[in-house]
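For reference, the chains in residue letters:
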Amino acid sequence: MHAELEELARLERLVADALTAADPVAELRRAARDESLPADLRAALERADEDGVRLSALLVARLRFERLMQGSRAAARWFEEDARAFTEAFRTYHRSVAPTAPFPGEEGARFEEWLASRRDEV
Amino acid sequence: MIGVGLTLQPEDAYLDLLAGVIREEPDYYEVAPETLWRAPDPETGGELRPNGFHARFAALRARTQRPFVAHGVGFSVGSVAPERARRARWLARIEDDARVFGFEWYTDHLGATVLDGRELLLPLPLAMTAAMAGVVRASLVELQTVVPLAGVENSVFYFHLGDPLDEPAFLGRILDGPGLVLLLDLHNVHTSAVNAGFEAWEYVRRLPLEKVIEIHLAGGTQSDPAWLHSGKVLRLDSHDHAVPQEVWGLFERVLPLCPGLRGVTLERMEGTVGEADVEPIRAELRRARRILELARAR
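Sequences listed follow chains A and B, in order. For the first sequence, counting from 1, position 51 maps to 51 in my numbering; every step adds exactly one. In my numbering, each residue carries its 1-based index in the second sequence increased by 1000.
Next comes chain A alone, as it looks inside the complex:
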């Protein structure tokens, strides 16, 4: 049972990687070739519907965006003033900062920290 749970945990990590990747389908297909997973799980990943995977990744990003809009007045203001520039920044944020905040306030704080660190780099 312990080995099975380890396999399921590995599967969970691979699905999370895919759904936050720029190309979720390519990432999931790559996961399907991971020989450390048992054949039935690899087959399930291989057969996962491409459009459904892409839509799920879009919804994951959208839910994070909504959480951020609720959690950061600065982010909401930026989006209102310049939706295109904000969307570009959000896309980079979503790819580079793992979504570990379940609540809007935490997401907002994390986004603002990330933004400040980028300004410091510039």
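Read the hints as simulated data drawn from the structure, not as lab findings. Since this is a predicted model, take the numbers as computed values, not measurements. The reader is advised that the hints may include incorrect statements.
Residues of chain A clear of chain B, computed beta-carbon distances all greater than 12 Å [unchecked claim]:
#1 R33
#2 S36
#3 R73
#4 W78
#5 E80
#6 F86
#7 E88
#8 R91
#9 A98
#10 F103
#11 E113
#12 W114
#13 R119
#14 D120
Derived contacts from chain A toward chain B, CB cut-off under 10 Å, selection only [as the list claims (entries may be wrong)]:
#15 L11
#16 E12
#17 T20
#18 L28
#19 R30
#20 D40
#21 R47
#22 D49
#23 V53
#24 S56
#25 L58
#26 L59
#27 R62
#28 R64
#29 G71
#30 G105
Not everything, but these chain A residues come out facing chain B in the computed CB check (under 10 Å) [claimed, not checked]:
#31 E50
#32 G52
#33 P99
#34 A101
#35 E107
Quick reminder that beta carbons are idealized off the backbone N, C-alpha and C, glycines included.
Add chain B to chain A, keeping to what the hints say.
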């Protein structure tokens, strides 16, 4: 049997527009507990605190004395190795909420919303193995330490890890224990059936219907063709439109097969209710009640 319920959403516009309906129509209310919480406060040891809507709903409970049920999405019953501190924080908060609201039962979504520590919020599909059924059951047993009747809802997944028609048997394995219950979401069945191309009733008839404690009725819409490179359109479980006829049909058909049913909840999402929606929502609650009463009279 408690009767017909309505979801309460933490949004002023929703609560104000639907105030008359909320006051006059439902026999009970359903809340998503985590939408009534604020982020953990590091100064108080990271515990979860109630937000302003928590107090507003608690006042409604005190005023109406109507039952409340809980339906969350963030407990993530399918996380393989959930972070213990997070679980403990959530259970402590749910326990406090259960004292305030007297939850009749607590359900979460089948699937995982926290994967490898990442909070993705969307219920994502599980490998339907015996080991995974054990993981979900163990999560529900943890929930039962604070709300004795605990269960899962059949979620909408936009992709599956296996045959979606194997999911009813998977749910049966998960819920094989005392006090473990099923929330049957008929719009989710309809949505999954449309998207994955199976017969909705074929899914419903395979479920452990003796475990159904609650039924969800809802509507949805379709994805924008521009969202996917393929241009394909998928049905969404967006709770933003009227309950479709297919869902009413499933409701009438399944009712006589659910001996343990205690509530039928109409779901509606915040941000989707305008003035023109108020009377149709009232009519949907009344339609649900009529169908329920007819089924019980037979």
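Which earlier hints turn out false for this structure, listed by number in ascending order? The structure conflicts with hints 9, 10, 19, although it agrees with all the remaining ones.
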